[in-house]
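Protein chains: 2
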Amino acid sequence: MTPEQLDASDPLARFRDRFALPEGVIYLDGNSLGARPKAAEERLLETVRSEWGEGLITSWNKADWVGMPQRIGDKIARLIGARPGEVVACDSTSVNVFKALAAAISLRPGRNVILSEAGNFPTDVYIMQGIEALTGRQVRAQLVQPDEIEGAIDGSVAALLLTQVHYKTGRMRDMARITSLAQESGALVIWDLSHSAGAIPVDLTGANADFAAGCGYKYLNGGPGAPGFLYVAQRHQNAVTPALTGWFGHAAPFAFEDRYEPAPGIARFLVGTPPVLGLSALEVGVELFLEADIAAVRAKSIALSQLFIERMAPLCARWDFQLASPAEPGERGSQISYRHPEGYAIMQALIARGVIGDFRAPDILRFGFTPLYTTHAEVAAAVDHIDAVMAASEWDRPEYKVRSAVT
Amino acid sequence: MTPEQLDASDPLARFRDRFALPEGVIYLDGNSLGARPKAAEERLLETVRSEWGEGLITSWNKADWVGMPQRIGDKIARLIGARPGEVVACDSTSVNVFKALAAAISLRPGRNVILSEAGNFPTDVYIMQGIEALTGRQVRAQLVQPDEIEGAIDGSVAALLLTQVHYKTGRMRDMARITSLAQESGALVIWDLSHSAGAIPVDLTGANADFAAGCGYKYLNGGPGAPGFLYVAQRHQNAVTPALTGWFGHAAPFAFEDRYEPAPGIARFLVGTPPVLGLSALEVGVELFLEADIAAVRAKSIALSQLFIERMAPLCARWDFQLASPAEPGERGSQISYRHPEGYAIMQALIARGVIGDFRAPDILRFGFTPLYTTHAEVAAAVDHIDAVMAASEWDRPEYKVRSAVT
Numbered sequence: 001m002t003p004e005q006l007d008a009s010d011p012l013a014r015f016r017d018r019f020a021l022p023e024g025v026i027y028l029d030g031n032s033l034g035a036r037p038k039a040a041e042e043r044l045l046e047t048v049r050s051e052w053g054e055g056l057i058t059s060w061n062k063a064d065w066v067g068m069p070q071r072i073g074d075k076i077a078r079l080i081g082a083r084p085g086e087v088v089a090c091d092s093t094s095v096n097v098f099k100a101l102a103a104a105i106s107l108r109p110g111r112n113v114i115l116s117e118a119g120n121f122p123t124d125v126y127i128m129q130g131i132e133a134l135t136g137r138q139v140r141a142q143l144v145q146p147d148e149i150e151g152a153i154d155g156s157v158a159a160l161l162l163t164q165v166h167y168k169t170g171r172m173r174d175m176a177r178i179t180s181l182a183q184e185s186g187a188l189v190i191w192d193l194s195h196s197a198g199a200i201p202v203d204l205t206g207a208n209a210d211f212a213a214g215c216g217y218k219y220l221n222g223g224p225g226a227p228g229f230l231y232v233a234q235r236h237q238n239a240v241t242p243a244l245t246g247w248f249g250h251a252a253p254f255a256f257e258d259r260y261e262p263a264p265g266i267a268r269f270l271v272g273t274p275p276v277l278g279l280s281a282l283e284v285g286v287e288l289f290l291e292a293d294i295a296a297v298r299a300k301s302i303a304l305s306q307l308f309i310e311r312m313a314p315l316c317a318r319w320d321f322q323l324a325s326p327a328e329p330g331e332r333g334s335q336i337s338y339r340h341p342e343g344y345a346i347m348q349a350l351i352a353r354g355v356i357g358d359f360r361a362p363d364i365l366r367f368g369f370t371p372l373y374t375t376h377a378e379v380a381a382a383v384d385h386i387d388a389v390m391a392a393s394e395w396d397r398p399e400y401k402v403r404s405a406v407t
Numbered sequence: 001m002t003p004e005q006l007d008a009s010d011p012l013a014r015f016r017d018r019f020a021l022p023e024g025v026i027y028l029d030g031n032s033l034g035a036r037p038k039a040a041e042e043r044l045l046e047t048v049r050s051e052w053g054e055g056l057i058t059s060w061n062k063a064d065w066v067g068m069p070q071r072i073g074d075k076i077a078r079l080i081g082a083r084p085g086e087v088v089a090c091d092s093t094s095v096n097v098f099k100a101l102a103a104a105i106s107l108r109p110g111r112n113v114i115l116s117e118a119g120n121f122p123t124d125v126y127i128m129q130g131i132e133a134l135t136g137r138q139v140r141a142q143l144v145q146p147d148e149i150e151g152a153i154d155g156s157v158a159a160l161l162l163t164q165v166h167y168k169t170g171r172m173r174d175m176a177r178i179t180s181l182a183q184e185s186g187a188l189v190i191w192d193l194s195h196s197a198g199a200i201p202v203d204l205t206g207a208n209a210d211f212a213a214g215c216g217y218k219y220l221n222g223g224p225g226a227p228g229f230l231y232v233a234q235r236h237q238n239a240v241t242p243a244l245t246g247w248f249g250h251a252a253p254f255a256f257e258d259r260y261e262p263a264p265g266i267a268r269f270l271v272g273t274p275p276v277l278g279l280s281a282l283e284v285g286v287e288l289f290l291e292a293d294i295a296a297v298r299a300k301s302i303a304l305s306q307l308f309i310e311r312m313a314p315l316c317a318r319w320d321f322q323l324a325s326p327a328e329p330g331e332r333g334s335q336i337s338y339r340h341p342e343g344y345a346i347m348q349a350l351i352a353r354g355v356i357g358d359f360r361a362p363d364i365l366r367f368g369f370t371p372l373y374t375t376h377a378e379v380a381a382a383v384d385h386i387d388a389v390m391a392a393s394e395w396d397r398p399e400y401k402v403r404s405a406v407t
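Chains as they are written, first to last, in this note's numbering: chain A, 1 to 407; chain E, 1 to 407.
Just so you know, these hints were derived from the structure itself, not from any lab.
Hints are supplied without guarantee of correctness; some may be wrong.
Any copy, or any two copies together, can satisfy a pair, since identical chains are not distinguished.
What the hints assert, rightly or not - Below, computed lysine to any residue pairings styled on SDA-like, alpha-carbon distance capped at 20 Å:
| no. | residue 1 | residue 2 |
| --- | --- | --- |
| 1 | K62 | E378 |
| 2 | K168 | Q322 |
| 3 | K62 | L21 |
| 4 | K401 | R140 |
| 5 | K401 | F256 |
| 6 | K168 | A252 |
| 7 | K38 | R137 |
Fair warning: this is a prediction, and the values are worked out from it, not measured in the lab.
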C-alpha cells in the first residue's frame with residue numbers, strides 16, 4: 001500500500017485534527033516536545049479567566065485544583081498499567097526520580113549501591129550522583145555498560161534505575177523480565193517512562209513494578225515543561241517516609257501542624273503547591289490519549305517506523321547514515337535514530353525545510369513517531385527531504401554548524 | 001480624608017485596571033493567591049498558540065524558554081534587593097527550601113542543627129524534619145518558640161530557617177539584625193520570603209543574606225501554583241554541590257554526559273526542565289511590579305492596613321475579635337489577622353457576601369492588602385460587611401461549619 005492508502009485506512013486518523021500543527025511542517029519531535037492539542041488553549045483560558053480570574057482562591061475547592069495531582073495521576077495510571085491511587089502528576093521528572101531513588105534506598109537500608117547504565121538519560125544519572133554526594137558516599141552511584149546490567153545486579157544493589165525506552169536509540173528494555181531479575185536479588189527497580197508513556201503499551205502492574213517516573217511534555221503532549229509523574233506501587237507507599245516532605249504530602253495540610261505526618265498512600269509523595277496551569281494543559285494531553293486504543297497506537301507506531309526504515313535503507317547506502325535503533329520493532333519504542341558524522345548540520349538543514357526532528361550528541365539524528373498526529377505520507381516525505389538535503393549538500397553551511405543552547 | 005479621597009489621591013490607583021477582578025468581590029486574599037493580571041491571558045495565549053503550537057521544539061531557543069528561570073529570576077531579584085545572577089525561578093517553594101537547607105548544611109559540615117520557630121509555615125518545618133530523617137538524624141531539626149530564636153543560635157547551628165513575614169500574624173522579622181546575629185555564631189540563614197516578595201521592600205544584599213526562597217503565586221500574582229524562586233548569595237554559589245542534581249543544573253545540559261558537573265553560578269540550582277507555562281504567567285506578574293515604586297507599595301500597604309485596624313476597633317469590642325497582628329506597622333507585612341472562636345464560619349459568611357479573605361487554624365481570620373489592586377474604599381466596605389455578618393449572626397449556619405479541603 002502507498003503511504004496515502006495507509007493513511008486512508010488509519011483507525012487513528014481522526015486524532016490528527018485534534019492537534020494544532022503549523023502549516024508546512026512535518027513534526028517528528030513529539031518524543032521531545034509533544035505537539036499542542038487544540039483543546040489545550042481553551043482549557044488554559046478557562047483555568048486562567050474563570051478559575052483564577054473569577055474564582056480566585058475559592059477555585060482550590062470549587063475547581064478542585066487541590067485534587068489535580070491525583071486526578072491526573074489516575075488518568076496517567078490507565079496509560080501505564082497502574083492502579084488508581086498509584087500515580088501523582090507533580091514536579092519535574094528529575095525531582096520525581098529523586099523521590100523514587102530516595103524511597104527505594106530507604107526501603108533497602110543494608111544495601112549501598114544504586115545501579116544504572118552508562119548513557120542513560122543524563123538527569124537520571126546526575127540525580128544518582130547527587131544522592132551519592134548527599135549521603136556522604138554511603139550510597140554509591142554505579143554505572144555499567146548497557147549489556148552488563150543484568151550481571152551487575154547483586155546483593156549490594158538497593159535500586160536499579162533504568163529508562164525503559166532509551167532516549168537516543170529508542171531501544172526498549174524488557175520491563176517484566178528485568179524487574180523480576182532484580183527483585184530476585186532483593187533490589188528495587190525504578191523505571192523512567194519518559195519515552196514510554198503514551199508511546200508504547202506499559203504494564204506496571206503486570207511487571208510487578210516498584211517505582212516509576214516520567215515526563216508530561218513528550219508523548220503525553222502536556223506542554224513545554226509540563227509536570228512529570230511518579231508511580232509508587234501500593235505495597236510500598238505507606239512504608240516510605242518521603243525525602244521531600246512538603247506540605248502537600250502532609251496528612252492534614254490545612255491543619256498547619258508543626259509535626260510532619262505523611263499522608264496515607266500516594267499523596268505523601270506530593271511536595272509543594274500543585275502547578276495548576278501546567279497541570280491543566282497536561283490533563284488535556286492525557287485525556288486525548290484515553291480516547292485512543294493504545295494497541296492501535298502501538299500498531300501505527302510500528303507501521304510508521306518500519307516505513308521510515310524501509311525508505312531510509314537506500315539513503316544509508318548512498319549517504320552514510322547508520323541505523324542506531326534496533327531493527328526489530330519489538331525491541332524499540334516510538335522513535336528511530338540514525339548516526340551521521342554531520343548529524344547536527346543535517347538536522348538544521350532539515351528543520352529549515354520544515355522537517356523537525358532533533359539531534360543528540362555526538363552524532364545522532366532522532367525522529368519520533370507520534371501515531372495520534374503523524375501520517376504515513378509525512379514519514380515518506382521526510383525521507384525525500386533527507387535525500388534532497390544530502391544530494392544538494394544543503395547541510396554544508398557555516399550557520400548550520402553553530403550549536404544552539406538547546407539542541 | 002475619607003477612603004474615597006484616599007483612593008482619589010493614590011499614586012498606585014492606575015494599577016487597579018491592570019488586574020481582572022470579578023464584579024462585586026472585595027478580594028483580600030492576595031497573600032494566598034494573587035489576583036490575575038489582565039496581561040497574563042494574552043501572554044499565556046502567546047506561549048500556547050505561537051510558541052508551543054507554531055514554534056514547537058524550536059521555541060526552546062527562539063522564544064528563549066531555556067533562559068526563563070534566570071531571566072525571571074533576575075526580575076524577581078530587583079524586588080528583593082538581590083543582584084543579577086543570584087535568583088532563579090523554578091520548582092515549588094518547598095523544593096527550593098529543601099535545596100537551600102541542603103546547601104547550607106553542606107557548607108557547615110561540623111554543625112548538626114537546623115533551627116526554626118514553632119508555628120513557622122508548615123512546609124518549611126516539614127522539609128527540615130524530612131532532612132533530619134534523610135540524614136539518619138545526623139542533622140537535627142529544632143523548633144523553639146518565636147521569642148527564643150535568638151537565644152538558641154549557638155555553635156551547633158548550621159542553618160537558621162525563618163519566614164520574614166509570618167503567614168498567620170503578618171509579624172515581620174528584622175532580616176538584617178537576625179542575619180548578622182546568626183552569622184556571628186557561624187550559622188547560615190535561609191529566609192522564606194513567601195509573604196515578603198512584592199509585599200514589602202526587601203534588601204537581601206543589604207542584609208548580607210545567605211539563602212532565600214519564596215513563592216510566585218501570592219503577592220507576585222504569578223498564578224495558581226506558580227513556580228517559586230531561590231536566592232543564593234553569589235559568594236556561596238560555586239561552593240555548593242546542589243542536593244538536587246538535575247540536568248538543567250549541569251554545566252553542559254545538552255552535551256548529555258554521564259558525569260554530573262554543576263553549572264557555574266546560580267544555574268546549578270536548577271533541576272528539571274523549566275515549567276514554561278507557569279513561568280510565562282509568573283513573568284507577567286513580576287513585570288507589573290517592576291513598573292511600581294516599592295516604596296509607594298509599602299506606604300499604601302500601611303495606609304490600607306491602618307485604615308482596617310482603625311475601622312475594626314469598635315468591632316473588636318462589640319464582637320470579640322482580637323487583633324493577632326502587630327499593631328505597629330513597622331513590625332508587620334501586608335496582612336492583618338484577627339482571632340475569633342467562630343473564625344471559620346465567619347469567613348464563610350464573608351465569602352458568601354463577596355468579601356474574600358481566608359482562615360487559618362485554629363481561629364485566625366486573615367485579610368491581605370495588595371496595594372496594586374486593593375482600594376481604601378474596599379477596606380472600609382469590608383469592615384461594614386464584617387459588622388453586618390456579626391450583627392445578623394450570618395455565620396451561624398451549619399453549612400459554614402463544614403471545613404473544605406483547602407481553607
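Status of the hints after comparison with the structure:
Taking CA atoms no more than 20 Å apart as the test, K62 paired with E378 passes in neither setting, with 44 Å inside one copy and 24 Å between copies. In this homomeric assembly, K168 and Q322 come within 20 Å of each other (Cα to Cα) only inside a single copy, at 13 Å, whereas the closest approach across copies is 63 Å. In this assembly of identical chains, the alpha carbons of K62 and L21 lie at most 20 Å apart only when taken from different copies (17 Å versus 33 Å within one copy). Neither within a single protomer nor between protomers do K401 and R140 lie at most 20 Å apart by alpha-carbon distance, with minima of 39 Å and 53 Å respectively.
With identical chains, the CA atoms of K401 and F256 are at most 20 Å apart between copies only, with a shortest distance of 18 Å across copies and 55 Å within one. Taking the shortest Cα distances, K168 and A252 sit within 20 Å of each other only across copies (17 Å), while inside one copy they are farther apart (43 Å). Taking the shortest Cα distances, K38 and R137 never come within 20 Å of each other, neither inside one copy (48 Å) nor across copies (50 Å).
When the structure is compared with the earlier hints, violations turn up for hints 1, 4, 7 and for no others.
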